[in-house]
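So the sequences go chain by chain: Z and R.
So for the first sequence, numbering that gives the first Met the number 0 puts the first residue at 0; every next one is plus one.
So for the second sequence, numbering that gives the first Met the number 0 puts the first residue at 0; every next one is plus one.
Derived from the structure by calculation, the hints contain no laboratory data.
Just so it is clear, the structure is predicted and the values come from calculations on it, not from any experiment.
Errors might be hidden in some of the hints.
What the hints assert, rightly or not - Quick look at which bits of chain R chain Z covers, simulated, 3 or more residues with Cβ under 8 Å: (1) 11–25; (2) 42–48.
What the hints assert, rightly or not - Calculated pairs, SDA-like style, for lysine to any residue (alpha carbon to alpha carbon, straight line, at most 25 Å): (3) K404(Z) to S335(Z); (4) K9(R) to A356(Z); (5) K6(R) to Q350(Z); (6) K436(Z) to H192(R).
Unchecked claim - Computed Cβ-Cβ distance ranges for the label pairs, DEER-style: (7) V181(R) to E361(Z): 34 to 40 Å; (8) G503(Z) to D38(R): 37 to 43 Å; (9) T269(Z) to D38(R): 34 to 40 Å.
Think of the CB as a built atom: it goes at the ideal place given N, C-alpha and C, for glycine as much as any other residue.
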Amino acid sequence: MKTKIGVYICHCGGNISDYVDVEKVKEAVAKEDGVLMSRTTVFACADSSQNEMIADIKENNIEALVVASCSPKLHLPTFQAVAERAGLNKFNYVHANIREQVSWPHSDDKEGATAKAIQIVRAAIAKVRLSEAIEPVEIKTQQSVLVIGAGVAGMKAATSLSKMGIKVHLVEKEHFIGGRISHWDVLCTTDETGKELVTRLYNEIITDKNITLYTGTELVESAGSKGDFKAKLKVTPRYVKDMCDKDALAKAIDVCPVEVKDEFNFNITTRKAIYHNFPSEYPQAAVIDMKNCTRCGECEKICKFIDLNQQEENVEIRVGTILVATGFDPYTPQSSEFGYDVIDNVITLPQFKRLVANSDKELVWNNKKINSISYIYCVGSRQPEGENKYCSRYCCTTTIYSAIKTAEKFAGINQYHITRGVRTYGKQEALYFKALKSGQVFLQSADDDLPKVESKNNQTIVKVNDVLTNKQNIEIETDLVVLVTGMVPRKNANISEILKIPKGRDSFYNEIHMKLRPVETVIDGVTIAGASQGPKNVVESINSALSAAIKSYSFVCNDTLMVEPLVAEIDSDLCTWCGDCQDICEFDAISKVQLDGKDVAQVNFSVCKGCGHCLPVCKTNAIQLKNFSDDEVEHMIDVLANEI
Amino acid sequence: MAKTDLKFGKKLKKYGAIDFNACYNCGTCTAVCDLANKDVSFPRNMVRASVLGTSEDVKSSLKPWLCYYCGECTTFCPQEAKPGELMMSLRRYLTSRYDWTGLSGVFYRNTVAYIIGFLLIIAGVLGLYFSNIFDQEEMMHYGHYFEMFAIAGVFAFILLPNIIRMWKYTVWDTVKFFNIKVYFGSLKELLVHMFTQKRTLSCGTERENKVWWIQHLVLVIGYMSLLVITVFLDWFSTDYMVVNLAGYLVSFFIFAITFLFIIKRVKKKDEKTTFSHPSDWFFVIWLFFMGFSAFLVRIFVDLDILENNFWMYLFHIIILVQWALIIVPFGKWTHFLYRSFAMYFDDIVTKANK
Numbered sequence: 000m001k002t003k004i005g006v007y008i009c010h011c012g013g014n015i016s017d018y019v020d021v022e023k024v025k026e027a028v029a030k031e032d033g034v035l036m037s038r039t040t041v042f043a044c045a046d047s048s049q050n051e052m053i054a055d056i057k058e059n060n061i062e063a064l065v066v067a068s069c070s071p072k073l074h075l076p077t078f079q080a081v082a083e084r085a086g087l088n089k090f091n092y093v094h095a096n097i098r099e100q101v102s103w104p105h106s107d108d109k110e111g112a113t114a115k116a117i118q119i120v121r122a123a124i125a126k127v128r129l130s131e132a133i134e135p136v137e138i139k140t141q142q143s144v145l146v147i148g149a150g151v152a153g154m155k156a157a158t159s160l161s162k163m164g165i166k167v168h169l170v171e172k173e174h175f176i177g178g179r180i181s182h183w184d185v186l187c188t189t190d191e192t193g194k195e196l197v198t199r200l201y202n203e204i205i206t207d208k209n210i211t212l213y214t215g216t217e218l219v220e221s222a223g224s225k226g227d228f229k230a231k232l233k234v235t236p237r238y239v240k241d242m243c244d245k246d247a248l249a250k251a252i253d254v255c256p257v258e259v260k261d262e263f264n265f266n267i268t269t270r271k272a273i274y275h276n277f278p279s280e281y282p283q284a285a286v287i288d289m290k291n292c293t294r295c296g297e298c299e300k301i302c303k304f305i306d307l308n309q310q311e312e313n314v315e316i317r318v319g320t321i322l323v324a325t326g327f328d329p330y331t332p333q334s335s336e337f338g339y340d341v342i343d344n345v346i347t348l349p350q351f352k353r354l355v356a357n358s359d360k361e362l363v364w365n366n367k368k369i370n371s372i373s374y375i376y377c378v379g380s381r382q383p384e385g386e387n388k389y390c391s392r393y394c395c396t397t398t399i400y401s402a403i404k405t406a407e408k409f410a411g412i413n414q415y416h417i418t419r420g421v422r423t424y425g426k427q428e429a430l431y432f433k434a435l436k437s438g439q440v441f442l443q444s445a446d447d448d449l450p451k452v453e454s455k456n457n458q459t460i461v462k463v464n465d466v467l468t469n470k471q472n473i474e475i476e477t478d479l480v481v482l483v484t485g486m487v488p489r490k491n492a493n494i495s496e497i498l499k500i501p502k503g504r505d506s507f508y509n510e511i512h513m514k515l516r517p518v519e520t521v522i523d524g525v526t527i528a529g530a531s532q533g534p535k536n537v538v539e540s541i542n543s544a545l546s547a548a549i550k551s552y553s554f555v556c557n558d559t560l561m562v563e564p565l566v567a568e569i570d571s572d573l574c575t576w577c578g579d580c581q582d583i584c585e586f587d588a589i590s591k592v593q594l595d596g597k598d599v600a601q602v603n604f605s606v607c608k609g610c611g612h613c614l615p616v617c618k619t620n621a622i623q624l625k626n627f628s629d630d631e632v633e634h635m636i637d638v639l640a641n642e643i
Numbered sequence: 000m001a002k003t004d005l006k007f008g009k010k011l012k013k014y015g016a017i018d019f020n021a022c023y024n025c026g027t028c029t030a031v032c033d034l035a036n037k038d039v040s041f042p043r044n045m046v047r048a049s050v051l052g053t054s055e056d057v058k059s060s061l062k063p064w065l066c067y068y069c070g071e072c073t074t075f076c077p078q079e080a081k082p083g084e085l086m087m088s089l090r091r092y093l094t095s096r097y098d099w100t101g102l103s104g105v106f107y108r109n110t111v112a113y114i115i116g117f118l119l120i121i122a123g124v125l126g127l128y129f130s131n132i133f134d135q136e137e138m139m140h141y142g143h144y145f146e147m148f149a150i151a152g153v154f155a156f157i158l159l160p161n162i163i164r165m166w167k168y169t170v171w172d173t174v175k176f177f178n179i180k181v182y183f184g185s186l187k188e189l190l191v192h193m194f195t196q197k198r199t200l201s202c203g204t205e206r207e208n209k210v211w212w213i214q215h216l217v218l219v220i221g222y223m224s225l226l227v228i229t230v231f232l233d234w235f236s237t238d239y240m241v242v243n244l245a246g247y248l249v250s251f252f253i254f255a256i257t258f259l260f261i262i263k264r265v266k267k268k269d270e271k272t273t274f275s276h277p278s279d280w281f282f283v284i285w286l287f288f289m290g291f292s293a294f295l296v297r298i299f300v301d302l303d304i305l306e307n308n309f310w311m312y313l314f315h316i317i318i319l320v321q322w323a324l325i326i327v328p329f330g331k332w333t334h335f336l337y338r339s340f341a342m343y344f345d346d347i348v349t350k351a352n353k
């Protein structure tokens, strides 16, 4: 119980005092129990006022402080800092909002406003009277970061962290790094190839002593919290030893009887179960795909570097924070969506990009030379009917860029773009202009009237009711239909379950605040980057990766980490362990422990968010929230319910 | 239903169209056009049809003729797609579509064809003269006959069938409408627009457009007067003072105004004169020489020196024959007819739709 309370009523230069009789408030609250000092001030937030307050507190040995002024969103931290500078604990300060909640909304009723202001300040005094000093929790940190996903975002984040002196564990599920950009040939707007970018980043990573790269590796378990996570990794072997004779390996690949669709080329080509790296894939070592391998042993006979008996390994690491950059999957159209799967010259944009990259002099599909291409945009994005309402951001630009490159590589191809409105934002607009000028045709379908793909007498026809031609029905005879598929989240449910990262309505990982906290998740110590967070192009992915790297660095740059102490507390005498609190906790902060031979709940302070969800479910009322105890809140309600 | 055909756009480029592919369909051109309204909207939809290559939509449209090329669409186009010049090219394209002989298209697409045509005519006229079939007097006599027969023949065998084709494409194929009363009632439109070109007055807001309209009107009236004076009043042989002076006056107007037009095309100060197709040059230059050579011929007659300087008449008759056999039936001259008939047909189509 605080008995020396100081109260300041702010005029806010007339914003408050024009409608609230601040002198009357001052006098009314001066009579409250424990109030030693009650004053008014013209601008409480002014430097001079702050210094006066500090002097007052020190001179009068004030134990607790209330400032009645504007919204706590504006100046709560200001006056908490005043309290701390005067030698108080910041939780012995309570803020009373008499501007947004009183003077502004009640400017028509001065008497009523004054009465309400008195009540609000009294309630704040009631709370501060019972306030306790709370000290932040200190955690010892692991000065290392786990980066999940070795795509462009993950790799860039890893090198950036390493340069700041932080150890990085870079984990990639696939046996080759590079993620999605390794698939792409030239990239706009620099005309560099995906291979060039991947090579550059890979060379940085393998020569960097701070970075440990794990390929074929997945996160399978994670425990702990910000500052100290224990992560368990499962490492799948390559079954091919690093030092390998190239000729023998080539023969071994030759004899492999298993032929499967090649995911690197988005299934337009095939590969063997033992396959060599692609031109843009690193590390440059072959791998056996055990999902498809029949273990016939033919390759082992030819090449002594192959060992089908290599075993999976589990690795446990401790890191201070986890950066998730798991990227995206291209949307796979439904069967018969715009003729996909049904008409054989309907392919997706990733397939088309691989086709162009793999073709030399002529563009040929199904043994037929391609003379005209129709691109249907927004497949799997901005769906009027389906789940994916969002725009995938990169597809308009990449399609137009691909079309320009296709025109440069293969002369005389007519190209039609059936868009839903072109979104080549920023500098990329220049590409749109270039495509237009070169005679590529852009049509636009309405959201509720999508184009149709039909096949008649071996001729594929795209029918569009073109918005730009007064919704006239336009028929395009075409040799190839390219479905411009957008981005969907990677199919890796495990990671979001293991780390409990919340997802947004679009099923991508969600940040805390799109603008103000764009790479943090509500799981403390877990950051997100790249297209795992939502559709992004390479530039945007790298921007977010660098931002997540800096944020991660801020968690682990010191030996110890201070955590906000506003958490739930269990009274083990009252707790009878029913488990309800553990069930309702979204953050896995509550666990069962043995205490004096009795099962009780325990709160992990570094994980608890202080949300208060566990409080009402506790049957024995054993849980209290620090700084919001039952006593404090009930005391405030009593005051508010009883006018003087 | 309309099929796309990207060859159409490439073809239009031979008729002088440039950069129209850059259009991103903002519609600024239509918004700034003083002649477009909510019922008859252009030029964006014509640019669109050209980009998509829906040539049947262009063929059946009167809109290119309803544009009088103030050039504001081109000035304001954010993509620099030059819609005004496209409309001009579409008029050339339509002229060749209407022409049953197909020669208009040949001339428009190949400047060489024009030159060959002109050379053949020079050879023919000089051939006739030097083969001594005619003496000077007879040459002038037959020259006069030629004018009459050329006018009648070109009109009967080329221009009339072409106007009927224009009617078929733009009226009959689109609205299938025939009603004597309406066709007769709308004739007023034809006559008014043919003899006043008053639509130019509401085209564009610049003062220069009004000045241009007056010049053009004087030129049209002067040209038709010269036709009457030389063909029916036989200016070169007349003794009537009034006819003679009238001849001088109108031929002066013709060469003076066409001279101004040529200067404008050289200076390229406004949109409409910036892009000159060979057919535009031939039109103004030949018209200039027509007026100027007629003027000189009559001076030579009045000074009584023509006999010794008969080359003057030969020059005049070569220009005249080239004009009458190439530029009138297959060149830019036809815009005089198609523009006014377009107003007539448009009125009929509007009434049919009601």
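>> Between the alpha carbons of K436(Z) and H192(R), is the straight-line distance 25 Å or under?
In response: At roughly 37 Å apart (the allowed maximum being 25 Å), H192(R) and K436(Z) break the hint.
> Is the distance from the Cβ of V181(R) to the Cβ of E361(Z) consistent with 34 to 40 Å?
Replying inline: violated, 57 Å
> Is K6(R) close enough to Q350(Z), meaning Cα to Cα at most 25 Å?
Replying inline: Violated, at about 29 Å.
>> Just to be careful, I want the Cα atoms of K9(R) and A356(Z) compared with a cutoff of 25 Å; is the pair within it?
In response: Violated, at about 29 Å.
> At a Cβ distance under 8 Å, does chain Z reach at least three residues of the stretch 42–48 of chain R?
Replying inline: holds (count 3)
>> With the threshold set at 25 Å, check whether the alpha-carbon distance from K404(Z) to S335(Z) stays at or below it.
In response: violated, 28 Å
> Quick check: the stretch 11–25 of chain R, covered by chain Z? Criterion 3+ residues, Cβ under 8 Å.
Replying inline: holds (count 6)
>> Between the beta carbons of T269(Z) and D38(R), is the distance compatible with 34 to 40 Å?
In response: Between T269(Z) and D38(R), where Cβ atoms are some 60 Å apart, the hint is violated.
> Should the hint that G503(Z) and D38(R) are 37 to 43 Å apart at their CB atoms be regarded as holding?
Replying inline: Cβ of G503(Z) to Cβ of D38(R): about 48 Å, so the range 37 to 43 Å is violated.
Violation of the numbered hints given earlier is confined to hints 3, 4, 5, 6, 7, 8 and 9; the remaining hints are satisfied by the structure.
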